[in-house]
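2 protein chains.
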Amino acid sequence: MESTTPNPTSTAAAELLTGANAKLLLDSVDAFLFDCDGVIWKGDKLIDGIPETLEMLRSKGKKLVFVTNNSTKSRIQYANKFRTLGLSVSQDEIFSSSFAAAMYLKVNQFPPQKKVYVIGGEGIVQELQLAGFTALGGPEDVEKRAQWKSNCLFEHDKDVGAVVVGLDPDINYYKLQYGTLCIRENPGCLFIATNRDSVGHMTDLQEWPGAGCMVGAICGSTEREPVVVGKPSTFMMEFLLQKFNLSTSRMCMVGDRLDTDILFGQNAGCKTLLVLSGVTTRSILDDPSNKIQPDYYTNKVSDILGLLGE
Amino acid sequence: MESTTPNPTSTAAAELLTGANAKLLLDSVDAFLFDCDGVIWKGDKLIDGIPETLEMLRSKGKKLVFVTNNSTKSRIQYANKFRTLGLSVSQDEIFSSSFAAAMYLKVNQFPPQKKVYVIGGEGIVQELQLAGFTALGGPEDVEKRAQWKSNCLFEHDKDVGAVVVGLDPDINYYKLQYGTLCIRENPGCLFIATNRDSVGHMTDLQEWPGAGCMVGAICGSTEREPVVVGKPSTFMMEFLLQKFNLSTSRMCMVGDRLDTDILFGQNAGCKTLLVLSGVTTRSILDDPSNKIQPDYYTNKVSDILGLLGE
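Going down the list, the sequences are from chains A and B.
Residue numbers for the first sequence follow full-length UniProt numbering, so the first one is 1 and each next one is one higher.
Residue numbers for the second sequence follow full-length UniProt numbering, so the first one is 1 and each next one is one higher.
Watch out, some of these pointers could steer you wrong.
Below, computed lysine to any residue pairings styled on SDA-like, alpha-carbon distance capped at 25 angstroms [unchecked claim]:
#1 A/K81 x B/A146
#2 B/K149 x A/K63
#3 A/K62 x A/K106
#4 A/K45 x B/S150
#5 A/K63 x A/L16
#6 A/K144 x B/L205
#7 A/K149 x B/Q206
#8 B/K42 x B/K63
Residues of chain A clear of chain B, computed beta-carbon distances all greater than 10 angstroms [said to hold, decoys possible]:
#9 E55
#10 K62
#11 L87
#12 P111
#13 L136
#14 S150
Just so you know, the hints here were simulated from the structure itself, not pulled from any lab data.
By construction, the Cβ of each residue, glycine as well, lies at the ideal position given by its N, Cα and C atoms.
Excised from the complex, chain A in its bound form (with noise of 0.2 angstroms):
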């Protein structure tokens, strides 16, 4: 497995894209991993010249990768979002953090007995089944109710040797006591967090909580420290090192966040390109308070074509 260790560049103030260092990005890297909210589209808009974009990477022979840290939906779900928006992804160049959870249960050896409860939407069931586990809660538990009565035992399911936690538009309290329980009583029983994102875009116009909303309510009530599968973590692109025999410092992460994308990039020796057609804006990036610096940056992904004259 690929060593990890962060980009020596990373402290340096972030190049803005040219013709020159574009040309040589490209010559440099034989892989590009696009974070998709900001950079991709926005909400369930396609981004200014997407499609030309990626068929000029392709035409160059780059592979393409997707990360996103939104679990509510499957990668076969993602498919159909790109098809639906004109583009043509598969689903095996799909890394959903909600597809990063089942992968880590996979490579943990999770025995196949043992239950998955999930704090979560469809996505990660759907995730978790197509990987072979029983999945326990998500949509199926919207709409229960814990028993508020003295003597009332809330029974939970023994054989639950995980609970997967993401974002959670239908959070209750039936499913937190459930994921409590589990992780408190059942011996040995995982935590896993698809990401800890405070907030995120569920609409064009506002940020609302993320995954570490309900992330942070089971730290509260379990005293536990989650296993975070998600971006800035590296375990997906250690997954993703391995499957595609892909050396990191021969690829590069574009995303449009400083402390998810950019670090996750640094974090395992990519290079690292930031896009302003998302929640950071070139005074975030130049405030003496930001300590993340990627190599470069540019307004959005369809500059790299006009520097390139392609």
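Based on these hints, arrange chain B on the given structure of chain A.
Leaving out everything else, chain B in the frame of chain A:
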């Protein structure tokens, strides 16, 4: 205000309560602070000998105060619970974390034209209203749902200047989103936690997620830490001292939890008595990993009657 230096005896091993030291304790103390659950009652059942013990302490001129981290009830609702169990305890003798939240705002001169958003139960809403504040949320928002659509704007009241978070059996995404937006977007908005107990005895049979669960969720989505007003924070103690003009060195905190009750008493410089009628067993107390030693311990509060030959 009284100094709150830790009790210097707190690192010595706890002494079993005996006739001799029980008499010394009584002579050296003017007020007893009692935790309720696991000390006075367990769920809906009074613990043996409580009425006679409280009567004896009152007859000796001791002041009694009941301090609970449970925020689901207001002080009026607590006084009713005491009455139902056959105990005569006045509202003024009760300090719940719901009351503490209201008093924190009062003491810190929270502007009365500002509003308070509540993630928690009726108890918090009642105490805030009794203290003259406008409370939003709480039981009112149990059935509300956020609309997960592009271009959906979640409207929150810009006059909310504090979010109070306590145990909420009806937690949902709407409340988490409302509280998160107030804290993240309303300038200077306070984040107040009634307490951070990870779990509590909501039924006689099991531990269920406590306020620490909901507080953890808001920490996760806001990347902020709360002001805690319940045990083991000394806010309630400082308020008590100011109100009753007592000296902490002449107070004894009686509780069943090492990390809230006994730590709370020690943080404030009180004498401390652990009772084994709640969550702490003798083996937890004696375990080398336990760093919190009360001054005294005994099985249950009423042991004091026998020891004093009353």
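Status of the hints after comparison with the structure:
no. : hint            : verdict
1   : A/K81 x B/A146  : holds (23 angstroms)
2   : B/K149 x A/K63  : violated (33 angstroms)
3   : A/K62 x A/K106  : violated (28 angstroms)
4   : A/K45 x B/S150  : holds (10 angstroms)
5   : A/K63 x A/L16   : holds (24 angstroms)
6   : A/K144 x B/L205 : holds (20 angstroms)
7   : A/K149 x B/Q206 : holds (11 angstroms)
8   : B/K42 x B/K63   : holds (23 angstroms)
9   : E55             : holds (26 angstroms)
10  : K62             : holds (31 angstroms)
11  : L87             : holds (18 angstroms)
12  : P111            : holds (26 angstroms)
13  : L136            : holds (18 angstroms)
14  : S150            : violated (4 angstroms)
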